[in-house]
Amino acid sequence: MGTTFTDTIVAGSRLRLRMDVTGAVQGVGFRPFVHRLAVSEGLGGFVRNTGEGVSLEVEGTLPALERFLARLDAEIAPPAAIHRRQSCRLPAQGEHGFLIAPSATGGRRSAMVLPDLAVCPACLGEILAPNDRRYRYPFTTCMHCGPRYSLIEAVPYDRLRTAMRHFPMCAACRKEYDEPGSRRFHAECNACPECGPQLALWDTAGTVLAERHQALRLAADAVRQGRIVALKGLGGFQLIVDARCDTAVRRLRECKARPAKPFAIMVQNLADASMVAELSEVEQRLLCSAAAPIVLVRARTDVSEVARSVAPANPLLGVMLPSTPLHVLLMLELGFPVVATSGNLGGEPIVTDEREALERLAHIADLFLVHDRPILRPVDDSVVRVIAGREAVLRRARGYAPLSLAFPFPSDTEPVLALGAHQKSTIALAVDGRVVLGPHIGDLAAPATREAFAQAVESVTALYGVRPLHVACDLHPDYYSTRFADASGLPVRRVPHHLAHVLAGTVDNDLEGPVLGVAWDGAGYGMDGSIWGGEFLAVDANRFSRVAHLLPFRLAGGEAAMREPRRAALGALYAIFGDDALAMSDQKPIAAFTAGERHTLGALLSRGVNAPLTSSAGRLFDAVAALLDLVQIATFEGEAAMAVEFAAQRAVTSVLLAPPRLVEHAGNLVLDWRPMLADIVAGCRDGIAAPSLAAAFHDSLVEAIVAVATRVGFERVLLSGGCFQNARLVERAVGRLRQAGFDPYWHHRIPPNDGGIAVGQAAFAARPLAGGNI
Numbered sequence: 001m002g003t004t005f006t007d008t009i010v011a012g013s014r015l016r017l018r019m020d021v022t023g024a025v026q027g028v029g030f031r032p033f034v035h036r037l038a039v040s041e042g043l044g045g046f047v048r049n050t051g052e053g054v055s056l057e058v059e060g061t062l063p064a065l066e067r068f069l070a071r072l073d074a075e076i077a078p079p080a081a082i083h084r085r086q087s088c089r090l091p092a093q094g095e096h097g098f099l100i101a102p103s104a105t106g107g108r109r110s111a112m113v114l115p116d117l118a119v120c121p122a123c124l125g126e127i128l129a130p131n132d133r134r135y136r137y138p139f140t141t142c143m144h145c146g147p148r149y150s151l152i153e154a155v156p157y158d159r160l161r162t163a164m165r166h167f168p169m170c171a172a173c174r175k176e177y178d179e180p181g182s183r184r185f186h187a188e189c190n191a192c193p194e195c196g197p198q199l200a201l202w203d204t205a206g207t208v209l210a211e212r213h214q215a216l217r218l219a220a221d222a223v224r225q226g227r228i229v230a231l232k233g234l235g236g237f238q239l240i241v242d243a244r245c246d247t248a249v250r251r252l253r254e255c256k257a258r259p260a261k262p263f264a265i266m267v268q269n270l271a272d273a274s275m276v277a278e279l280s281e282v283e284q285r286l287l288c289s290a291a292a293p294i295v296l297v298r299a300r301t302d303v304s305e306v307a308r309s310v311a312p313a314n315p316l317l318g319v320m321l322p323s324t325p326l327h328v329l330l331m332l333e334l335g336f337p338v339v340a341t342s343g344n345l346g347g348e349p350i351v352t353d354e355r356e357a358l359e360r361l362a363h364i365a366d367l368f369l370v371h372d373r374p375i376l377r378p379v380d381d382s383v384v385r386v387i388a389g390r391e392a393v394l395r396r397a398r399g400y401a402p403l404s405l406a407f408p409f410p411s412d413t414e415p416v417l418a419l420g421a422h423q424k425s426t427i428a429l430a431v432d433g434r435v436v437l438g439p440h441i442g443d444l445a446a447p448a449t450r451e452a453f454a455q456a457v458e459s460v461t462a463l464y465g466v467r468p469l470h471v472a473c474d475l476h477p478d479y480y481s482t483r484f485a486d487a488s489g490l491p492v493r494r495v496p497h498h499l500a501h502v503l504a505g506t507v508d509n510d511l512e513g514p515v516l517g518v519a520w521d522g523a524g525y526g527m528d529g530s531i532w533g534g535e536f537l538a539v540d541a542n543r544f545s546r547v548a549h550l551l552p553f554r555l556a557g558g559e560a561a562m563r564e565p566r567r568a569a570l571g572a573l574y575a576i577f578g579d580d581a582l583a584m585s586d587q588k589p590i591a592a593f594t595a596g597e598r599h600t601l602g603a604l605l606s607r608g609v610n611a612p613l614t615s616s617a618g619r620l621f622d623a624v625a626a627l628l629d630l631v632q633i634a635t636f637e638g639e640a641a642m643a644v645e646f647a648a649q650r651a652v653t654s655v656l657l658a659p660p661r662l663v664e665h666a667g668n669l670v671l672d673w674r675p676m677l678a679d680i681v682a683g684c685r686d687g688i689a690a691p692s693l694a695a696a697f698h699d700s701l702v703e704a705i706v707a708v709a710t711r712v713g714f715e716r717v718l719l720s721g722g723c724f725q726n727a728r729l730v731e732r733a734v735g736r737l738r739q740a741g742f743d744p745y746w747h748h749r750i751p752p753n754d755g756g757i758a759v760g761q762a763a764f765a766a767r768p769l770a771g772g773n774i
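According to full-length UniProt numbering, numbering within the sequence shown proceeds without interruption in unit steps and concludes at 774.
Calculated directly from the structure, the hints in this document are not laboratory data.
Here the structure is a predicted model, which means the values were calculated and not measured.
For every residue, glycine included, the Cβ atom is placed at its ideal position computed from N, Cα and C.
Check each hint, because a few of them may be wrong.
Said to hold, decoys possible - The following label-pair restraints were derived from C-beta to C-beta distances: (1) Thr-204 <-> Asp-510: 44 to 52 Å; (2) Ala-445 <-> Asp-73: 42 to 50 Å; (3) Leu-662 <-> Arg-543: 31 to 39 Å; (4) Val-712 <-> His-166: 52 to 60 Å; (5) Arg-543 <-> Pro-315: 36 to 44 Å; (6) Gln-455 <-> Val-712: 38 to 46 Å; (7) Phe-336 <-> Pro-410: 22 to 30 Å; (8) Ala-257 <-> Ser-488: 32 to 40 Å; (9) Phe-409 <-> Asp-20: 18 to 26 Å; (10) Pro-259 <-> Gln-455: 28 to 36 Å.
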């Protein structure tokens, strides 16, 4: 990255150097940083934003230039980061002053767009200081914090290309913006109570009830009274309710049609977070980070003022700290935990516009705390969990998106738009050897989410000024994203679902093949037309092959089995015991059906009609959840698998189950799980506690992973897919793989679930692999 000069330079002569810098260099105070360094070293020249990053020219003596370059590398502070810089010598011009020049808007637009950042300590100090002119101002920001992605219209990142162009700076703010010594020197979102956005409180008819700080105080009063407030945050609306009040939380559940899925809560500070949850050092760091995500942490059972209805039957709490001055001020008014959940109906995209909120959230919210700063790009809250000692992003959104990563292989690919999967939709854009993953959109079953998906596609291509030449999508022909790809008019590259999972993991870990990818999830379209989900894929530089998989079993009723773990259990039991399974009324999932239902479903299984085969590990988790009578009918995706994980965490005694048997069939290794499940059935009859059986189930699956890895012989083993959101499964697998001499990898920055699929699709489009056995 550095630049050196020859010893032939005449002492005291002036030199001029041009540098073009790419990386996280816009919206992070990089130009003011360069300005400070250049001025302190007595250098002349300029720095400006460009469509690709930052361009600068510096002129001075050789020692001064060398000090400048050394300090540029040594003193740059996160989130700013230099990925690449190209330098060249220019003739000296005799220039002594240094300035921040107007941005260059022509040419390519590939500059990295930064995520929105949580309020920094300096801004926090201002809004809490009664004598400061920004006291209690909920839109205080500086060059180190505040909105970025949610309000940018185009690159390069300048105020006139953001939503802040609607708010001309007052004289005091303009002085800060122009003053090199100010910490708001060229802070593009600079504003104050005199010139910036303002709050208002509306009723459900859109009538203004209060403005400015009074609006916030009245909204806080409403929350205290058990009412639901829709708050327009940084990237969209949130629904706020008193997390201590069981009645209020249950009402929110009813209004939002969300009977059991956990809600996230917001607390005022880290001390309050420690009162409701047991926090590790890593979890504390994540809560206080600039991303300020929702962190899944273990709830305290000794002392907690959080209502049980916030996260029923769940030992984890989703906890976050205030990420914006508005949230800080609200939590100061309240002083107690609140539910802060996405402002939407289940499966729909987050609402961003206040008028739209009146239409879509009026049946949920009692009041609307809004502001007049437009949200140009919807951004939900991110969700992370600490797995095997490090952060794993489960939903990549505010604070984390967009994410720009380099491919771990040489690639000068033509621009590719990757459209992701059907659930947890995200899109990715790949060009020049890098891929940019956008934020979480939602599940594409809802018409509103499909509209948001189409807008996101148009938005990301316009933001970067890229015209894709190819589009990548899932192999499933009925996914909305697949049909969208077919209608695009561009050449389409269809990527096997589980291969995309594995390739996303390789990009996340900067890993090239050969690697054994363990891709376990709920469902994905297999290359043979069946439902896959328990796959082992061998991947190297040029090809991939399915080397092993879980034994397939039938799902009675097809799609209905995705929502009813008892149907998965019935199919699994039928694979073990045949027709005798229908008479096993001592087993909870069988007893959950009437005699007539058992007869009908048995006919489907015996004939193979409306009973598709699946090798899904996720459906196997469902079957075990039903056998252990943890969940018979799920109310949200992943509920059954979570119940099995949480039961395993409660185990106080251990048992042994037969591990899945590894057999060869048609050139593949097949993991026959039937002996393991038969042992679980016997354990249930013998009265063995469900937690012990759940723990043993995890351990048997881990041994199956090690057995396949040993048979295949690849040193590197990658865990990917939604099943590896399970901390117990990942941590046990990582430990056993290391013990057996393997090098395990798992997800970190890219979600292991379908939220990371788009990255894998983009990687495949950048370097297609030939397929092998199915």
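Going down the list of hints, with the structure as the test:
1. For the pair Thr-204 and Asp-510, the beta carbons lie near 50 Å from each other, so the given range of 44 to 52 Å is met.
2. Between Ala-445 and Asp-73 the C-beta distance comes to about 49 Å, which sits within the given range of 42 to 50 Å.
3. In this structure, Leu-662 and Arg-543 break the distance hint of 31 to 39 Å, their C-beta atoms being roughly 23 Å apart.
4. The hinted window of 52 to 60 Å between Val-712 and His-166 holds, with their beta carbons roughly 58 Å apart.
5. Remark: the range hint 36 to 44 Å for Arg-543 to Pro-315 is upheld by a beta-carbon distance near 43 Å.
6. Range check, Gln-455 to Val-712: Cβ separation about 43 Å, and the 38 to 46 Å hint holds.
7. The hinted range of 22 to 30 Å is not satisfied by Phe-336 and Pro-410, whose Cβ atoms lie roughly 54 Å apart.
8. The hint said 32 to 40 Å for the Cβ distance between Ala-257 and Ser-488, and at roughly 33 Å that hint holds.
9. With their beta carbons about 25 Å apart, Phe-409 and Asp-20 fall inside the hinted range of 18 to 26 Å.
10. At about 30 Å, the beta-carbon gap between Pro-259 and Gln-455 stays in the expected band of 28 to 36 Å.
Comparing the model with each earlier hint shows violations of hints 3, 7; every other hint is respected.
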